[in-house]
Amino acid sequence: MKNNRRDFLKIAGVAAIGAAVKPATSAYAIGEQFVPEGQAENKSSVKKATKWGVVIDTNKLTKELMHKISKACHLEHNVPDEKNIENEDHRNPNHEIKWIWGEEFKHAFTDKTDRYLADKFEHIEIPVLCNHCVNPSCVKACPTKATFSREDGIVLMDFHRCIGCRFCMAACPFGSRSFNFKDPRPGIKKHNKKFPTRMKGVVEKCNLCAERLAVGKNPVCMEVSEGAITIGDLENETSDFRKLLKDNYTIRRKQSLGTEPSVYYIV
Amino acid sequence: MNDKIKIIAGLIIFVAICLSPFFMGLGSDSNKGPDPVISETAKKKGKCILEKTEMAKQHMVILDQWRNSVVRDAQRVYTTKDGKRFDMSLSNTCLDCHDNKKEFCDRCHDYASVTPYCWDCHINPKEVK
Chain A
35 MKNNRRDFLK IAGVAAIGAA VKPATSAYAI GEQFVPEGQA ENKSSVKKAT
85 KWGVVIDTNK LTKELMHKIS KACHLEHNVP DEKNIENEDH RNPNHEIKWI
135 WGEEFKHAFT DKTDRYLADK FEHIEIPVLC NHCVNPSCVK ACPTKATFSR
185 EDGIVLMDFH RCIGCRFCMA ACPFGSRSFN FKDPRPGIKK HNKKFPTRMK
235 GVVEKCNLCA ERLAVGKNPV CMEVSEGAIT IGDLENETSD FRKLLKDNYT
285 IRRKQSLGTE PSVYYIV
Chain B
1085 MNDKIKIIAG LIIFVAICLS PFFMGLGSDS NKGPDPVISE TAKKKGKCIL
1135 EKTEMAKQHM VILDQWRNSV VRDAQRVYTT KDGKRFDMSL SNTCLDCHDN
1185 KKEFCDRCHD YASVTPYCWD CHINPKEVK
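These protein sequence lines map, in sequence, to chains A and B.
Taking the working numbering, I'd label the letters of the first sequence as residues 35 to 301.
Taking the working numbering, I'd label the letters of the second sequence as residues 1085 to 1213.
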């Protein structure tokens, strides 16, 4: 009798450990199904970098150019515009969705507000976008791993996992993220059929045109920016991109917060 | 004990009533199952990602794998077991061949009572401007 009870307790103990570990390991595996090894590959034209970065030359900017950049990006990614919604009662400026847009200097660089700001900044808008931070607070805040840091430095969203909790929006110190308070489709006049829209209840932001880099194209903002926006590999010391950073004085937004933005502004 | 016959007769009637829906269903076509239409475009463009029967069972798994490999690993090219290459895209690959979503995907899904939420975001190129 005694022996039997000992045996029973041993087995029960091992079973209990098993029961506790199993859900933990399968929870890790949720949604992590990838195409089997060898059956998926990059397009041969893919653009790669060790760490992607962006340099924005504010000397080359005008308000008109800023407008053009923003519009081109939003068209490419099916970002809705409140103005396109037919029923005027459904328009709401607080529901605006933005990936890249212009801000006044004092709003873009809140910690660099000099009393006597150089004149040139009165006439331009600073393009602001997701900073693709090296230490992104949004990634830490996301409870579903929908927002993640890709190895090449792009802070990306997997829209399939976004549950719309908006922790990332609270965590982002740059206001780079927008929430879909309603179905975005009525706000889209012309669809880019190569890219999905989003749906009510998910957050969205700039993806550094990951879908274009994957097929060997540069981001749309860079293409229409007349040289004001350049992307490149921050870790490639001999590149033209790094030369831009060597030859010019650059600043970043809210550097003191320690998120290490990858977007550099030549001022 | 003399009620034996009555009891057996009663049982037979009871069982017959219970089974009547099955007998009445025989020969009618209410149980046919969905019949998705393979579009002319699909036939012309050739074989699907997997064999037909495998595809019916596996397509949701494949789509799930595709989206993870595309979004997380920037891998966009899929090679089938027999060496054919496909761009991994729901709207631009599946619907490029199966350009009749209504008579194909939807017909099956309505029958099986599944409503994939994919179309809240993914575009059916035929339906939008």
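Warning: the hint list may mix true and false statements.
[As the list claims (entries may be wrong)] Restraint-style ranges between C-beta atoms, simulated for each label pair:
(1) A/217 / B/1095: 34 to 40 Å
(2) A/41 / B/1167: 39 to 45 Å
(3) A/76 / B/1131: 20 to 26 Å
(4) A/234 / B/1213: 16 to 22 Å
[As the list claims (entries may be wrong)] Output of the computed footprint for chain B on chain A, the stretches with three or more beta carbons under 8 Å from beta carbons of chain B:
(5) 76-87
(6) 242-254
Hints in this document: simulated from the structure, not taken from any laboratory.
C-beta: ideal position from N, C-alpha, C; glycine also.
To see whether the hints hold, each was checked on the structure:
1. A/217 / B/1095: 34 to 40 Å: violated (59 Å)
2. A/41 / B/1167: 39 to 45 Å: violated (55 Å)
3. A/76 / B/1131: 20 to 26 Å: Given about 24 Å between the Cβ atoms, the range holds.
4. A/234 / B/1213: 16 to 22 Å: For residue 234 of chain A and residue 1213 of chain B the Cβ distance comes to about 20 Å; the hint holds.
5. 76-87: Our answer is that it holds, as 3 residues pass the Cβ test (under 8 Å) against chain B, meeting three.
6. 242-254: Contact hint for the region 242-254 of chain A vs chain B: holds, 4 residues under 8 Å.
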